[in-house]
Amino acid sequence: MKSYESFIFEKSTPGRKAYSLEKKAFKTVTLDAELLRSDAPKLPEVYELDVLRHFTNMSMKNYGIETGMYPLGSCTMKYNPKIHQDIAAMPAFSGVHPYQETGVDGLLEIYDHLQTYLSEISGMHQFTLNSYAGAHGELVGLMVMKRWHDAHQTGKTKVLVPDAAHGTNPASAIVAGFSVVELKSNHDGTVDLDDFYAKLDDEVAGIMLTNPNTLGVFERNILEISQAIHDKGGLLYYDGANLNPLLGMVRPGDMGFDIMHINLHKTFSTPHGGGGPGSGPVGVRKDLAQFLPKPVIEKTADGYAINRDKPGTIGQISQFYGNFGVYIKAYAFILTNGEHLKDIARYAVLNANYVKESLKDVYELPTTVACKHEFVFNGLKDKSDHVTTLDVAKRLLDYGVHPPTIYFPLLYKEALMIEPVETESKQTIDGFIEIMRTVAKEAKESPELVKTAPHTTIVRRLDEATAARHPVLTYDAHLKP
Amino acid sequence: MFKYLPHTEGDINTMLKTIGAASIEALFEDVPPHLLNPDIRLPHAHSELELVRHFMSLAEKVDPLTPVIGAGAYDHYTPSIIRPLIERQEFLTSYTPYQPEISQGTLHYIFEFQSMITRLTGMDVANASMYDGSTATAEAMFMASAITKRKDILVSHTLHPATRSVLETYAHYKGLSIKPIAPENGVITLAALKDAISPDTACLIVQTPNIYGLIESYSGFADLLHENKSLLVINQDPATLSHLKSAGDYDADIAVGEAQTLGVPLAFGGPYIGYMATRDKYVRKMPGRICGMTKDVDGKPAFTLTLQAREQHIRRDKANSNICSNQSLLALFVTIYLSTMGQEGLIEASQQSIDGAHYLYEALLHTGLFTDPFKKPFFKEFTLETNASISDLEAHAKKAGFLAPFPLKKLGLKDNYVSFAVTEKRTQDELDALVAALGGHS
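Here the protein sequences come in this chain order: A and B.
Heads up: the first sequence at position 288 corresponds to 288 in the numbering used here, and the numbers run straight through without jumps.
Heads up: the second sequence at position 303 corresponds to 1303 in the numbering used here, and the numbers run straight through without jumps.
It is possible that part of the hints are untrue.
Said to hold, decoys possible - Calculated lysine-lysine pairs in the DSSO-like style (CA-CA distance at most 27 Å, straight line): (1) B:Lys-1318 to A:Lys-451; (2) A:Lys-342 to B:Lys-1410; (3) A:Lys-24 to B:Lys-1398; (4) B:Lys-1410 to A:Lys-310; (5) A:Lys-299 to B:Lys-1410; (6) B:Lys-1398 to A:Lys-299; (7) B:Lys-1017 to A:Lys-342.
Claimed, not checked - With beta-carbon atoms standing in for the labels, derived distance ranges: (8) B:Arg-1284 to A:Glu-10: 24 to 34 Å; (9) A:Arg-53 to B:Thr-1371: 27 to 37 Å; (10) A:Glu-10 to B:Pro-1373: 27 to 37 Å.
Just so you know, the hints here were simulated from the structure itself, not pulled from any lab data.
No residue lacks a Cβ here, since even glycine has one placed at the ideal position from N, Cα and C.
Kindly generate the complete structure, drawing on both the sequences and the hints.
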């Protein structure tokens, strides 16, 4: 692995070029000088091999799923099938203009079939694929919730969100115009029912839940909670971030959820792309379907049509129809897995429980219930040497393993959240367990080694405080003395 | 056994023994039994050959039309080296760079993306977290409202109507009020802004080139807005920044737009990438992930996500946005595109687009079927008025393999307006064929 070397700007030599365009015979048009910038934007002047080497070397400073195990809790880092890239890049899919509305039945069929399969899998009536990401899906779902309350003139304004929920939940509720009431969680991350009933007043418009929750524990009181919310005239929102362990086994719609989103880049492996693009389809029960955003892809007598004028809708939330190139891969994933979709949930849960039971003698396990796809340790069991979760995570880097999610959820001080997805084999997982045990042993025998880790990565621990206090955010800022 | 799932009977039994469970089903005992194992209709598991056959059959149900329209998505050339680079698994399959020690690749290109976007727009800082141009504009609206603590958003009616629709949706739920400003002869004017501005104005949002393809000029806009303690937000196609004055040149406060025009495939509307850039003084009000430079414990230069105290995973309901994505892979795409094209390539591609568009414009006027309702400077896209049947025109073009013209009534604008867009991909032969197909045989 190579460390930071240079910016592409520093490789620039005036006159070099990495592109080729043909000569054209059109008359050259000169725009009014009043409209033109005074200097050309300074972009690199390099030749083609420069570009390839620059970005190839850059890639070698990254860790991907094909590099090794990626047990990042709540992120569902599973294998991303290679074939999906080829399919999404087929010219018939990648070359079509979004305003081409005839001769696109092949594309609209993908939209329609995927939304139908997602409805089957989740027990919802209908999905929109227009939302671009998980957080975008939450926002759209909460707009639907708001629209429903407005239509029924309930005047309800509050959304209940557990303190263990993903940070996007309360943030999305605020953007959708709700106020947020935080719910206390039990020690295992499940909803504290006393606190829930105390806060469930007439102003509560709904609740946002992740099930299994962020500790990987199934919300055993879910039916009671959904009954209570519905009795009060509220709606239930399902954060689909943790759908993987329920795939084909349990449906959010059957648990009483009214609105949900799915992170296609997680459960349906589309992949993560370093943080995006994602895709966050939103599903709703039947009477809420009228509120889904426009445009809508509809089935007609002789094919499909794009409906841009939909009364009742929350409105438009994206320029076109969402991340088509992403959800084409989710559709391919469903087709390839077929009846094996259920095994995804079963093996994800098996893997998580296996890792948990294999490490609980050296890492502190705060709750003993069976987990689903992930679980959380509260750091090392033996804390006498003051080796923290951060230290453990950084030491894992020296062993070539991507660390688990750390310091989330906020329920435990030293949270270490592990999600060993279904595409990892027992051999790989045994290797990970071995490394985790070695680090625990090192923490006891040579704590300084762990506290100063990583030692072998291309860069070591960073000065993040200075980065935030004196932000250097561009190459030009970096050049300034 | 199944190719993505490695568990053998032996593995499962050994693992269950370690767990102390009788079966995998026992691990689901906390789920109410009647919720388990719903009857779900799924397709059978497709082999790779079946999968490819299926998608080939779908592809056959797509007419491969050559677009000579834009309206927010443009058929620009994608250099061949981009796809193999972005599909390197180290980029494609990685997560948000939370562990900087093993994510220097992602962080490095985000930093270069930020650097290139600021150079294009003439702003100080940029993020890499916007889903598309319309939602980036909505985020800019929230940002302007948060900075000014005001709720009125002036929106030029020459913005893409889909962008305006997204603004209306976001504004409605957040309790902001959209005040449209009508254009004069296809562009927004300073006089119209003077009429509309008030002490409640958080910002003005404008677009250039606008929905008609016309290039707008914003001289004097920022002075008027800043005097009123309001902000100027410019939505601009970044490819046009090869030639046109930037948000920085107009002293704007926030620059946003759709960066699909930087070589990103049309892909029926996504994934694309919005961009957002602003002034240093507003960086802590900017949504999304931001990458900064720092040093490691050995003093080695390195990159990290920074200013995270603005974000949802720290601030929860107090965050300045709910955005969690960074539109990383597309930021990489655009960074490679801009590195490959360089300043000369960006200018050459734009100049070819401008020249081709003006060639088509003259040829279409020459047919006698169209007139120009505006007679104003345009870039690669232009709008014409026609008395011919627009659906007939579309059908003629389609027969010749083209997608054109774009009927602006589809977006709720004037019934007899149509637009065309030309990029560096279009040849003179293609444009001649389109004109002939539309009825200009004379």
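Each hint tested on the structure:
1. Taking the CA atoms of B:Lys-1318 and A:Lys-451, the gap is near 33 Å; set against the 27 Å cutoff, the hint is violated.
2. Annotation: proposed proximity of A:Lys-342 to B:Lys-1410 is violated, straight-line Cα distance about 43 Å (limit 27 Å).
3. Between A:Lys-24 and B:Lys-1398 the alpha-carbon distance is near 25 Å, which keeps this suggested pair within the 27 Å criterion.
4. Distance hint between B:Lys-1410 and A:Lys-310 is fulfilled; the C-alpha atoms sit about 14 Å from each other, no more than 27 Å.
5. Restraint check for A:Lys-299 and B:Lys-1410: satisfied, since their Cα atoms lie roughly 20 Å apart, inside the 27 Å limit.
6. Between B:Lys-1398 and A:Lys-299 the alpha-carbon distance is near 23 Å, which keeps this suggested pair within the 27 Å criterion.
7. Under the criterion of a C-alpha separation no larger than 27 Å, the hint pairing B:Lys-1017 with A:Lys-342 is consistent with the structure, at around 22 Å.
8. A hinted range of 24 to 34 Å for the beta carbons of B:Arg-1284 and A:Glu-10 is consistent with their spacing of about 29 Å.
9. With their beta carbons about 53 Å apart, A:Arg-53 and B:Thr-1371 fall outside the hinted range of 27 to 37 Å.
10. The given range of 27 to 37 Å is broken by A:Glu-10 and B:Pro-1373, whose C-beta atoms sit roughly 49 Å from each other.
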